[in-house]
Each structure stands twice: as C-alpha cells, then as structure tokens.
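Engineer: So you can see what is in the structure, the chains are spelled out below.
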Amino acid sequence: AQKVTQAQTEISVVEKEDVTLDCVYETRDTTYYLFWYKQPPSGELVFLIRRNSFDEQNEISGRYSWNFQKSTSSFNFTITASQVVDSAVYFCALTLTGGFKTIFGAGTRLFVKA
Amino acid sequence: GAVVSQHPSWVICKSGTSVKIECRSLDFQATTMFWYRQFPKQSLMLMATSNEGSKATYEQGVEKDKFLINHASLTLSTLTVTSAHPEDSSFYICSATLNRGNGADTQYFGPGTRLTVL
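Chains as they are written, first to last, in my numbering: chain A, 1 to 114; chain B, 1 to 118.
Next up, chain A with everything else stripped away, as it sits in the complex:
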C-alpha cells in the first residue's frame, strides 16, 4: 500500500529561524514522483517542487531546499530564514505512474511569528 506520513502536525517558529518539514513515504513501486505543495489560508494549493524516484539530487530554490533520500524513503523540505508569509499548511504528496493517483500526507501547519 502507498502512504505518505507527515508526522509534524503543527510547527511554530520565529521569523528568520530555519525550519524543516518531514515527509516519509511508502511504496513498492520503483518509479514514482514526489511533490510538495503549499496551501495558504486562501485555500489554493501552490506547487513547490516535483522530484522523480530516480533523481536523488537535492534541490535549492531561494530559501527553499529539499532533501530526497531513497534509503530512508524521506523527502524533507527546509525553509531557511523563515518569513511570516511562509505561514501555511504544507503537503507532501506521492504520485505513482500508470494509475495517476496522488496520495497526500496529512499536512504540516507552519506558523511563523514576527
């Protein structure tokens, strides 16, 4: 069975702190895709990153970085120097090839205080 676990329900940090959101996934497929989405209070999901199972290179985009480790089935997301605008719910998701189905984690609610 496929599963995405985001163990952190809520995280609260002070502005400028670094914060890492954890994501652990389960699948027996060898080809799959992992995503991170941001859902601000407005409700609309914003795509952040897509990573395929064969590409374990870490990625950095501005203050955002992602650490993909197949050995531990983890795809963690770090925000450096957090800002109040980063406050949102962040979802990690797993999509399998062929079936198209995307499984979302429970989400991590991030509060960044000024």
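One thing to keep in mind: the hints can contain errors.
[Unchecked claim] Incomplete in silico selection of chain B near chain A, CB under 7 Å:
#1 S43
#2 L44
#3 T106
#4 F109
#5 P111
#6 G112
Bear in mind the hints are in silico, worked out from the structure with no lab data behind them. Computed from a predicted structure; not experimentally measured. Note that the Cβ used here is the ideal one computed from N, Cα and C, for glycine as well.
Place chain B on chain A using the hints.
Structural biologist: Just chain B now, with coordinates in the frame of chain A:
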C-alpha cells in the same frame, strides 16, 4: 504557469438541493482532471479521476450517484453534488494535468469551492 479556475468559490445551499461546481483550465487543455474533498484541518482526499470524453473513475467509498462528474471538454469538468446534506459540507478542489499517462504530470490546482449545506 497553467491556471485552473473554479466556480463558484463558495456556495451555501439548503439540504436536499443539488449544487454544480465547475472546474476550468484557462490556458491549457487538460486531458485529465481530478476532484478532491478536504474537510477542515484535514488532508486532500481524492474523490475521482476524470478523463475527457469518458466516464470518471471514482475512489472507493465515493458514491457515483451522489457526486456526478462530467468532463465534456478538454477545458471543463463539472462536479454536481446531488441532494446535498450537511455532511457534504466541505472544501472541494479540482486539479488538471496537461497530459495523460504517467505520474510525472504536475497537477495544477483550482482555488477550491467551499460548500456549506444548511
């Protein structure tokens, strides 16, 4: 980037009425659209996958006759909640992909529709 719209953004209706929600891909043709439901402070749950010109594929536990999905064109899919009841109150989100056939396709999400059934 690809833009997906939903209409209406919110709706309040009486129990027993039907509500139609539209999902449109504005600047691309979406061969596949997805409908999700999200209860407060919970994750997104896939309800159904809709391919243009064919019947939707519903997830286990989702009533086909309750949640009617029509994907009539490459830019429009509709979800009709028939005989809505208070327990159907939720945030309904659609997404669309550019291609069909593999999980690499990024899903572009609509802004969501908040349904409240009184």
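Engineer: Each hint needs a verdict: does it hold in this structure or not?
Structural biologist: These are the hints, each one checked on the structure:
This hint holds: S43 (chain B) has a C-beta 5 Å from the nearest C-beta of chain A, less than the 7 Å allowed. A cut of 7 Å between beta carbons decides the hint on L44 (chain B): the least distance to chain A is about 5 Å, and the hint holds. Annotation: interface hint on T106 (chain B) holds; nearest CB of chain A at approximately 6 Å, less than 7 Å. The beta carbon of F109 (chain B) comes within 4 Å of a beta carbon in chain A, closer than 7 Å, and the hint placing it at the interface holds.
With a cut of 7 Å, the hint placing P111 (chain B) at the interface with chain A holds, because the nearest CB-to-CB distance is about 4 Å. Interface restraint check for G112 (chain B): the shortest CB-CB distance to chain A comes to about 4 Å, inside 7 Å, so the restraint holds.
In terms of the numbered hints stated before, the structure departs from none.
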